[in-house]
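Undergrad: Taken in sequence, the protein lines are chains A and B.
Mapping to numbering that gives the first Met the number 0: the first sequence position 80 is 79, numbers consecutive.
Mapping to numbering that gives the first Met the number 0: the second sequence position 25 is 24, numbers consecutive.
The reader is advised that the hints may include incorrect statements.
Counterexamples of contact, computed for chain A against chain B with all Cβ distances above 10 Å [unchecked claim]:
id	residue
1	Asn217
2	Asp277
3	Arg400
4	Asn404
5	Asp411
6	Val460
7	Met469
8	Arg657
Here chain A is said to cover these stretches of chain B; the calculated rule only asks that three of the stretch's residues, wherever they fall, bring their Cβ under 8 Å from a Cβ of chain A [said to hold, decoys possible]:
id	stretch
9	6-13
10	34-48
These aren't lab readings, by the way, just hints derived from the structure by calculation.
Yeah, the Cβ is synthetic: ideal placement off N, Cα and C, and Gly gets one too.
Okay, here's what each chain looks like letter by letter:
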Amino acid sequence: MTSSTQSQPSRASLEEDRSNPSLGAAIIIANAPDPVFVSDLEGKILQANQAVSELLGFRPAELIEQSLSRFISPEETREFTAALREVVEKGETRNARLNPRSASGEVIPTTLNASALRDSDGQVIGAIGILRDMRELDKARAYAESLIKNAPDPVFVSDLEGKILQANDAVSQLLGFRRDEVVEQSLSRFISPEETREFTAALREVVEKGVTRNARLNPRSASGEVIPTTLNASALRDATGTVIGAIGILRDMRELDKARAYAESLIKNAPDPVFVSDLEGKILQANDAVSQLLGFRRDEVVEQSLSRFISPEETREFTAALREVVEKGVTRNARLNPRSASGETISTTLNASALRDTDGRVIGAIGILRDMRELDKAREAAEIANRAKSQFLANMSHELRTPLNAIILYTDLLRDEATDRGLEYFLPDLKKIYGAAKHLLSLINDVLDLSKIESGKLELVLETFDVPTMIRDVVTTIEPLAQKNADHLEVHCGPDVGTMRADLTKVRQSLFNLLSNACKFTESGTIRLEVARTQRDGDWLTFRVSDTGIGMTPDHLGKLFQPFTQVDPSATRRFGGTGLGLAITRHFCEAMGGAITVESQPGVGSTFIIRLPAVVGEVKPEPQPAPRPEPARARDRSVLIIDDNATAGEALKKILHRKEFRAEVATTGEEGLRLARQLHPGVIMLDSVMPGMDGRAVLTALKSEPELADIPVVLLTGMAQDRKEALHLGAADYVMKPVDPDHLFAILHRYCDSAHRRALIVDDDADLRQHLRNLLEKEGWEVNEAADGQEALAQLARRDPGVILLDLVMPGMDGFEFLAALQEKEEVCSMPIVILTAKDLTAADRQRLSGPIEKILQKGSIAQDQLLAEVEAAMAGSNRCP
Amino acid sequence: MPKVLLVEDNEENRDALSRHLRRRGYQVLIAVDGTEGIDVARAETPDLILMDMSLPVLDGWQATRQLKTAPEMRGIPIIALTAHAMAGDREKALEAGCDDYDTKPIDFPRLLAKIETVLAKKSSPAGKEDHA
């Protein structure tokens, strides 16, 4: 009988045919979605449904009346036959894996579920076979097995009772058992009874609810060692979604436990208050120092939200900072003022950084509190002291000058009145008193100036003024003194000199100082004042005061600008002066962003040159002169990039990462400022053209904030004219776009690697090189040497030094030629060079040296610590690039 | 003979300055504080006032402002004599209405030059102008 009828028998007809069960069964089979067939006691297929046809690719007519063995291999036939016998003889259900060949010759992996077909008497008359297509399942199983096999973590598969069915190599490695010692064992064999209970409970939840559970297990290894692990157990499902077991992943916790214990002991023992919080700011751990600071017991702090101890506004700030820590993994600082147990408000700074698990995921924050009370007090005290000092200086100034003023006025008056009354006898004495009083006044003025300079109270009062007019004033004032010494005064003021913006009083005072020195040291000679304006490397004014006076030896030159050092004691007594004038003049020049240099030859004369920017920037005056200026601040290798072009910024960031610089990118000026305040990077790279707050505005803002002003800013610019303005506004350097990485790193190394102070000594005198090397190395410098210019160039190719000490007269390539060669190389053009020479430099020499030179020092006239100071200052202060 | 009002509380300065000025041919009037200065100015209408800025009773700044707002005295040029000469003092003086300023310690020739300049301006057809 075929089952090809498609019509559904009516209920009535089914009941009618109840006596004919095979018909009912046939209908069910026909409509079943799974492949179902009916076979006789020998395995001949009596009926097969559509699904069988579809699975095997044969038409029903090709299946009916065929033995199943036609479609399977002889081995499988044997297996099937044995299964069939049991089904038929015992009426039981059997499963067997069969791999029938389809009509197209393809082998189809299946599972056969064979059960007894009975007649109405219960007699077994055949078998009902249900085939399950195992292809997908086999694929999935094979995939899962390969995953497990190859997984680096220890993974095992267990059945519903916890018996290990499969385990990968990593399990063996972890536990020290062979696979065959593990498979078919219950997991409980390896763990303690308590843990078995825990594991069983977890397994139950996995199996019953299909959820994932974690448990700490400490299995004993083959060698008896207890291995702390975490078990992650998840449901293993079959193709129908039924949970058939569990997949267990073991995590070896030994390293993690060690790390945790270490971290806990660090925190516990840390002298600073340290706490650990979760992602929401709840304190999970806190060390003793926290308790001491806040006055709460640990148990009063742990499990509390940090916000319990701070105000609502601070909670908002803290929450925002915490969010950034957690979301971006960055470190944030915030001022917090928690209330202690006694109600006192404690001024603190919180440093919050990300706490990560072994996968690197942020799981909370580590907070370090710094008690700011002492610091705040100290700061306030310093400010009070500072104000008091200012007040003192102002008072002193007034108090000292008032009586002296009376002396001067009255003496002057007496001289006039004595002249009127014909009392010439008194005139010489009165003149002496007058002269002494004037001298005393200038001494007081100088001392007060210098004390102002040294306590950082030097202020620049900037105004725009006409330079020729100022020159005329100064000349008028100096004329009497020139006449007194029978000197001829020549003034050359170029027509294009124009106006400048500077501190008029200080410029005048400086010029007056130079001119009066010139007059004093020149008798019946010529004093020349030349004023010129150059627009190379920026807009500069040069004031040259040269005389045909007694001149100075190199020894004198070395001491010239030091306060209170007498160049030649007898000369000072003869010529007057305070010994302070030049020191003050130099400070004034440097405060205005300029410089003063001197050349001199004994018996011939001296020339002093003051160079000032035509527009003096509103910058803080020069840091105060100790005998050793502050060395360059050690900077870290962190860079903040401010560029509205995010792609460019990211590209730059990548380049920097490759060379072990840390970089952050901001795409607007405002964001850049915010990040600068928070991160305080070693260098800021600033794009000059940005919408909204542009580079110029950002630069100005950066230089006006005290906390940020000392971060060097490198401008990224496409246009040449940005450079000048950038340097005026305070940029330390610039890089042309598109960025040349080598040039970029040369510049960054200068600002970030100041901790690596590298000097290149170029001198043919080997003893001197050794001497300088010793001197510098003692101060922590790294020193390279070269005997002439050629070697120096080779050295440069290898390593970028922070500063070059260059001798001028050398065989082979001398200093001048070296400099010329150097200027060819753009990337080293802004390297600071200190000339250390015995040569008396002529004007022509100076011409060749002008531009790239930081300082010219005379061998023999310079003290060691001054040399060190100059070298350090050169390295710290270099900021030019043509 | 031009009339100069010297408002100065320090006796020595007062004495020396007035003697210097008289020798130069100026008629010198004296006041020792700000209030007296205003009174004398109103009564005598000097050609020029030399005003010390740190005075008792009424200080130089206030006195200057009062003088410059009073219609009958506004035209009198004032030269401020200021001891401090810190940044801002100059601006402060000019803002208060001074026509010029000089710093102490007084350098008499320098002060004299300024006095002559200010007086010359006053009598010129262009009249008084603010000048730095």
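Undergrad: Hint by hint, note whether the structure agrees.
TA: To see whether the hints hold, each was checked on the structure:
At the 10 Å boundary, the C-beta of Asn217 (chain A) stays outside the reach of chain B, the nearest C-beta of that chain being 76 Å off. Remark: the non-interface label on Asp277 (chain A) is consistent with the geometry, its nearest Cβ contact in chain B lying 54 Å away (cut-off 10 Å). Its beta-carbon lying about 5 Å from the closest one in chain B, Arg400 (chain A) breaks the requirement of being farther than 10 Å from that chain. For Asn404 (chain A), the condition that its CB be more than 10 Å from all CB atoms of chain B is violated, with the nearest at approximately 3 Å.
Distance to chain B contradicts Asp411 (chain A) as a non-interface residue, since its nearest Cβ pair spans about 6 Å, not more than 10 Å. The Cβ of Val460 (chain A) sits about 4 Å from the closest Cβ of chain B, inside the 10 Å cut-off, so the non-interface label is violated. Listed as outside the interface, Met469 (chain A) is consistent with that label: its C-beta sits roughly 14 Å from the nearest C-beta of chain B, beyond the 10 Å cut-off. Look at Arg657 (chain A): its CB is around 49 Å from the nearest CB on chain B, clear of 10 Å, so calling it non-interface holds up.
For the stretch 6-13 of chain B, the stated coverage by chain A holds: 3 residues have a C-beta nearer than 8 Å to a C-beta of that chain, and at least 3 were required. Interface restraint, the stretch 34-48 of chain B with chain A: violated (0 residues with C-beta to C-beta distance below 8 Å; minimum three).
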